[in-house]
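**Student:** Below are the chains, spelled out letter by letter.
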Amino acid sequence: MKPELGVCYYPEHWAEAQWKEDAAKMVQSGITWVRIGEFAWSRMEPAPGQLELEWLDRAIEVLGTAGLKVVLGTPTTTPPRWMIAKHPDMLAVDAEGNPRKFGSRRHYCFSHEGYRDESARITKIVAQRYGQNPYVAAWQTDNEYGCHDTTLSYSDAAKVAFRAWCAKRYGDIATLNEAWGNVFWSMAYSSFDDLELPNLTVTEPNPAHVLAFRKFSSDQVVVFNRVQTEILRANTDADLIHNYMGRILDFDHFDVGEDLDVASWDSYPLGFMWDRMELSDAHRARYLRQGDPDMQAFHHDLYRAVGKGRWWIMEQQPGPVNWAPYNPAPLPGMVALWSLEAVAHGAEVVSYFRWRQAPFGQEQHHAGLQTPDGRDAPGLGEASKVAQILTQLGEVQTLQSEVAIVFDYPSDWAWNTQPQGADFNYFRLVFSAYRALRRAGLSVDIVNSKSRDFSGYKAVLAPGLATLEPSLVEAISQAGALAVLGPRTGAITEEFSIPQSGRPSVPHLDVMVDLVETLPPNAGRAVKDGGKVDFWLEKLSGSAPVLLALEDGSPVLMGQGDRWYLGGFADDTAWDRIVMKIALQAGLATCVMPGGLRRRMLGDLEVLINYEAEPMQLGEQQIAGCGIVIRRGDEVIAESDFSTA
Amino acid sequence: MKPELGVCYYPEHWAEAQWKEDAAKMVQSGITWVRIGEFAWSRMEPAPGQLELEWLDRAIEVLGTAGLKVVLGTPTTTPPRWMIAKHPDMLAVDAEGNPRKFGSRRHYCFSHEGYRDESARITKIVAQRYGQNPYVAAWQTDNEYGCHDTTLSYSDAAKVAFRAWCAKRYGDIATLNEAWGNVFWSMAYSSFDDLELPNLTVTEPNPAHVLAFRKFSSDQVVVFNRVQTEILRANTDADLIHNYMGRILDFDHFDVGEDLDVASWDSYPLGFMWDRMELSDAHRARYLRQGDPDMQAFHHDLYRAVGKGRWWIMEQQPGPVNWAPYNPAPLPGMVALWSLEAVAHGAEVVSYFRWRQAPFGQEQHHAGLQTPDGRDAPGLGEASKVAQILTQLGEVQTLQSEVAIVFDYPSDWAWNTQPQGADFNYFRLVFSAYRALRRAGLSVDIVNSKSRDFSGYKAVLAPGLATLEPSLVEAISQAGALAVLGPRTGAITEEFSIPQSGRPSVPHLDVMVDLVETLPPNAGRAVKDGGKVDFWLEKLSGSAPVLLALEDGSPVLMGQGDRWYLGGFADDTAWDRIVMKIALQAGLATCVMPGGLRRRMLGDLEVLINYEAEPMQLGEQQIAGCGIVIRRGDEVIAESDFSTA
Amino acid sequence: MKPELGVCYYPEHWAEAQWKEDAAKMVQSGITWVRIGEFAWSRMEPAPGQLELEWLDRAIEVLGTAGLKVVLGTPTTTPPRWMIAKHPDMLAVDAEGNPRKFGSRRHYCFSHEGYRDESARITKIVAQRYGQNPYVAAWQTDNEYGCHDTTLSYSDAAKVAFRAWCAKRYGDIATLNEAWGNVFWSMAYSSFDDLELPNLTVTEPNPAHVLAFRKFSSDQVVVFNRVQTEILRANTDADLIHNYMGRILDFDHFDVGEDLDVASWDSYPLGFMWDRMELSDAHRARYLRQGDPDMQAFHHDLYRAVGKGRWWIMEQQPGPVNWAPYNPAPLPGMVALWSLEAVAHGAEVVSYFRWRQAPFGQEQHHAGLQTPDGRDAPGLGEASKVAQILTQLGEVQTLQSEVAIVFDYPSDWAWNTQPQGADFNYFRLVFSAYRALRRAGLSVDIVNSKSRDFSGYKAVLAPGLATLEPSLVEAISQAGALAVLGPRTGAITEEFSIPQSGRPSVPHLDVMVDLVETLPPNAGRAVKDGGKVDFWLEKLSGSAPVLLALEDGSPVLMGQGDRWYLGGFADDTAWDRIVMKIALQAGLATCVMPGGLRRRMLGDLEVLINYEAEPMQLGEQQIAGCGIVIRRGDEVIAESDFSTA
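Residue numbers (my numbering), protein chains in the order written: chain P, 1 to 645; chain L, 1 to 645; chain S, 1 to 645.
Everything labelled a hint here was simulated from the structure, so no lab data went into it. Do not take every clue at face value.
To be verified - Example chain S residues on the side facing chain P (calculated, C-beta under 8 angstroms, incomplete): (1) E204; (2) H209; (3) N416; (4) A613; (5) P615; (6) Q617; (7) L618; (8) Q621.
Unchecked claim - To be clear about the criterion: a stretch of chain S counts as covered by chain L if any three or more of its residues have a C-beta under 8 angstroms from a C-beta of chain L, and this derived list gives those stretches: (9) 151–165; (10) 384–392.
Only a predicted model underlies this, so the values are computations on that prediction, with no experimental measurement involved. Each residue gets a CB set at the ideal place from its N, CA and C atoms; glycine is no exception.
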């Protein structure tokens, strides 16, 4: 595979005369892909049925003849104003019961059948028109499903669909009552038509009810997307892609990914530090202009799994953005670093958002590769540098890692439904494990919790997996890998109740959770010889050997053969110790990474990535601040260093 | 009286085959009471009019024949789903105007007459069926009135009822206008039908309007409860009980208590520290696994007053709960300590919540005395130890204390309506006085503000009493006790206006409040020789001698004979000094308690209660960490010490 | 001009027998003006059409014959309850879609035509009745427009009016679509009837949409007020006044002011520190009982501009108020200080709120000059002292200052719409510049951004001006003054888009903003030789000389001749350095003010104002804590010193 660069472009925002010049400059900068169309419905169909696609024909022609491959987006993320007039009840409804009005984007409920039909109609129109267009080399469905908290809707359409979903899942209402434990607090229903959505209840609703609603809501995204992919498949052989977001977990990306060829995601490292990460002030200050050293890598690995090996960055932050509470500028070198790190994790394409900064609309203060008045923005120079390095690298390949983390969207829904402790969060837990593996210099794969093929792995971690199917542990064992489970693994059934058998109930591992405590900040319990357990602590019993214990002697990590169980939310120090034990047991070669330095293997290439503003040293190798070194053994193949620019 | 133990049990949650074994184990553990039924309406009447009570007959039979006395709950806290279909407007409405939907509990408006009739109907059914049942030895009405902020409802039913309540109270609308001062801001009404509920106004509503609504809302709880007690009285001679909560003050518990035989409350010491107390982080950390040293005692004393001397703990936390932001486990000994402290304050029964942890529903992570899979949880061992000690103690009696605090629910409503300073709160103020008395080793009684019998007391404190009736001061005087009033005592009339006479207007006490200041945190004013005044400071004048003054010389405590007035919210140090002055004046024997050590007299028994994790010393007596010592003079009668367990 | 004192009085709150005595005492205290009537609609017209004005006739007669000049308020801020029955849809609607109910004040939507007619009707009634009354010497329209967030309403009335406003502004919908950039996210409308108000959208609405709505909302206030002024003008020659608030910027006060003779404002120095200023805890603690040293002065200068030179304080805080989170008492001397400071800034009248503290209603804990039971409150003595000093001073005059700040309400709306960084705020920015000028001892004028007459100024600052018209810079140049622009000046067009020309695009100043960063707290960038840039930082390029640079060498202040551009939000230290540079360049005589000492020139009088609790020294002159010294050269003319009182 030869990684390429792309860019997002909005021909409808610019005078037609400008297109050709823009396309030429893209090509000249080393860009080979261009995404268009995903917000342009009002230009494609300004009034119901009145199609105006000639401008799009011409735009594709101009871009294609310039040498660019086009990703064409279905425009369903922004239905025009007339659509809401036609389907007034298509708007999603928030948890407080307010319709979420027209005037920005994503203003639709996934469950509204009228809108789903409209989405099919416009998809069919563009698919038929451009499915065989030689320049259209890939398709994007919709845009950023779930962004702005749009997966969950409490509309009447959602209520009707949820009732049908439950009827299908449970068959009869007695089964549902039994499954949800509705005898508790007299919550039994006598008919599926009795079901309401679980918002605005007096105190918290039944977690089984919420979890069912979360699964239903995820399924609605899958169905909505599938309507489009089926139409596209019938009209094109080009790759189908969706652009996911960072840490949006409200729908099961693996399920959506089943219907697509490639996963892509929109990476905004500086913005993400503010609105979706648990970070100390000191950490935010240290990486203010670089982004967190592990957040991007985690998503690269996650979406590589979602894409079954194939993934892109569809939108790469190219400078300051507009939507975070604070929007600093990336340090020189960071745009190149983010791009090359993605390549190191196997990205096929890194596409910048956007070519030229918009002078109007909600994102007018979001940097592009060009300023609004057409000058080169700092990101463009870095993109060109990346293009050069990619040429230098030529063919690369991504190999399987030796260690994997199991990722499971429903676990996030479950633990959000009942966190039990305010600081417990599934993503946070999984990410803390991922970070520790990275600090040990390991390349990591993320694996779908529904997978049963773990061949090739030496160790597999499955922290916080809400429901544990014995077949998972067996599959890991059969692959010859060490299974590291817990904390909170297997704590509930699929219907959110406590398993009858006690838990975690791992075959051939005599460990039992007797009690759970959740702890406030600064009340972590010390682990003997270093580190502590924060937020979540299980009291473990059983005959399995104790591998790590608290200072008071109570076990925190127990293991028997290839099955280990961790009974708490380890802090960084404790995780580092656990990772070293795992490595020793599983035969993994670690290499401790100082500070914000990271590494990732890309075939036989070692990519060293320095998130620090200052130069870092690994052995004899120096890596510039905000710089990248790509080497084969001791031979440096390529380098990104803007520290003196 | 011989204190006993009880437990909450849900036969409807378990296979019938299990009941007998459970009952046997309860008895074996020293438990003699079992509460059932309060959430079981959907099992009693699965469809309108379709009664199914045979299972309940059998459950009572099994429990009773095992030797347990049954507390039977009316199930009105959880009306079934069909009830909402029948009475769609019975749901309470929150202050933002949203109906509070079915799907958890307490989903009804106290003012809805249709639901009140349904409540009477089901109460009559169970009362007639079990009123003479030999095993049903007590009744609980509904469950935790006011929990989840359910006293106040802004529904149409409440609006209609409020208008009628006002019409009855004021007679004609001109009287209401005059009483509320509606000339202010042109708020006059021309008819009771003009009245709206005081939510969603542009800026704050008239405090007189709010206070009237608060009194109305409290009365609605009283009326709702009385409908049940009248039916129960007609059918049984057993004790009638309600289980109140901690620091829920939205209705007047004394008024509800008038219709009942026994007050009970649900005590969750660890949970309460997080969601209903003003505590420093250091205090929360210190007592994280023990609970606050005074919060339980305060409620014991409050509910002893509400129960006119007779009170229970209906639900005692037995381990970690699920509903607080953080849910640590009690330290070993604490379940026993909490139980025995309740006994020291005169509890007739301490009943644990619940027998076996539920594997489903909202509280599945709430510990019981048994784990969900049927093993003994740590709480059970401590309960058994308590049972042994109770046997050891035999008959005990609660004597009147020498010092009392007047408690007044309407004052809480008044000061919540207009706190004037963000940190002023009635409960907080009263509790600060209570704590100081406890730190001085005093046993305290709490007295209904409507009481006029203070005989036997040497000192009576009435801080923050919104409206001061001269008869209260006279009654205290007649009893020969020192009356300590203020701050903010007598600051408003019953209709929330400033008294014409100036204030506090205490007969025979020449003290006048000229001005009030409220202060932000860390801006307290220093008291001469130690301590300070926080949050609330009155400028006092008058000829009464100054007993305590600020450093700038302005009086803060003034007193004439047996009438003292305190003009500020004292901090702990200042309160300790004030308590010492009171003790000296009133002839109270104090004993300074170190740290989290407390004591309470139970007849001639002295109960020493150690909320510290570490052992504490009082004179020559050592008390284990989380331990209890019960002694008569120097003779130790019983001890609870789990420190080496 | 001879400054006078006034007071706010509510005859409808008191027995008629009391009026005469009250009036006599006012006069005796040195008060010459009395404001009445603004909340009395329900007494003027208790039922629709049933006028009862005789009491008001008598009240005016009593006050007038006592020697007081009456300011009569139109009562439209508090429509009676029957009005809402008549016009149920006249209530404003909040951003969450809830009607803002009757029960306090300001319960009307500015766009409701039915209510606008009612407002005209009652205004006409009182104007005709009292327009020629010899005692009615001035009129107040309504009360505190915009208070309690009442400028913006999301009602149906507002929606209809907004559509009409847009139709008038843009002519056809294509023009609106083009102006707002509605091609972005397919937001185009096909008719003005498609327009919704910009609330409850899925993510942020188009900033152009919001800004248009903000301008519309401001215009609605202007129109509402104008309806009254036109009627009043037809019936009286007395001055027309409105009483504005502190830091309420939701409507353009300059526009409202065009229809009035005098601007007035309601000054509550202690309350304002809590709910509308960005202050450190230390600053709040230091000035807890004095108020911020610059907040009042800023508003004095602002409203002097709004009143085209003529302004009053209509409501002056006289003691503790009731509505702030914390309500301490002013230190002795502060009521006098606030009053005299207003005089120093040119106030014609300082009127206290209110004569006697109300014993009922929402403000019963708001101090007056009299206690509710009729004793003198501390404020009265200070007011009398002020009256003496005013007599002593006799005629005074306000001269133009040498330095001006341009103030622009639409800039506040723009930057609230898209702050880009959470800590950027227009008022905060302008105020930081104002403070720095004051710390340099300069008297400052504030100038309407629509003004083009800058003659007489040596320097004019225009920070944060959203849209920069070249004519403004030219006008400043023509006046021979130094223009100091930036940061964020000229950053958007009137329709909230980025100017095509790049920015700031100042003629004859080669400075270009290449990039904007916003910074979190504690991440400011150091300025070479002292100070730093916080919150907002622009990357500047161009050939203009660099006057101040960051430590990394990047320019932060650039200037060419009489045009300077500042590229960041300077902290206090940086602002002090910038002011010194400005003073040097423009020839301003500065005098550094220590701590909370301030000064203001009043003609040839220098007024020294000490906001510190402790005495301060300026050269050889000592000023008492909370004191004022008025001197001509070295000769002290008058002094306010309550430090020994």
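**Student:** Each hint: holds or not?
**Tutor:** Now the hints, each set against the structure:
The closest approach between the C-beta of E204 (chain S) and any C-beta of chain P is roughly 6 angstroms, which is under the 8 angstroms cut-off, so the hint is satisfied. With its C-beta approaching chain P no nearer than about 7 angstroms, H209 (chain S) sits inside the 8 angstroms limit, and its interface hint holds. A least Cβ separation of about 15 angstroms between N416 (chain S) and chain P goes past the 8 angstroms threshold, and the interface hint is therefore violated. Of the supplied interface hints, the one on A613 (chain S) is violated, with its beta-carbon coming no nearer than about 34 angstroms to a beta-carbon of chain P, more than 8 angstroms.
Interface restraint check: P615 (chain S) against chain P, minimum CB-CB distance 40 angstroms, threshold 8 angstroms, status violated. For Q617 (chain S), the interface hint is violated, since its Cβ never comes within 8 angstroms of a Cβ in chain P; the closest pair sits about 40 angstroms apart. Annotation: L618 (chain S) was flagged as interfacial toward chain P, and the flag is violated, the nearest CB pair being 40 angstroms apart, outside 8 angstroms. Because the beta carbon of Q621 (chain S) sits about 45 angstroms from the nearest beta carbon in chain P, more than 8 angstroms, this interface hint is broken.
Note: the region 151–165 of chain S has 0 residues with beta-carbon separation from chain L under 8 angstroms; the three-residue rule is not met and the coverage is violated. Proximity of the region 384–392 of chain S to chain L, defined as three or more residues with a beta carbon under 8 angstroms from a beta carbon of that chain, is not established by the 0 residues found.
Comparing the model with each numbered hint stated earlier shows that hints 3, 4, 5, 6, 7, 8, 9, 10 do not hold.
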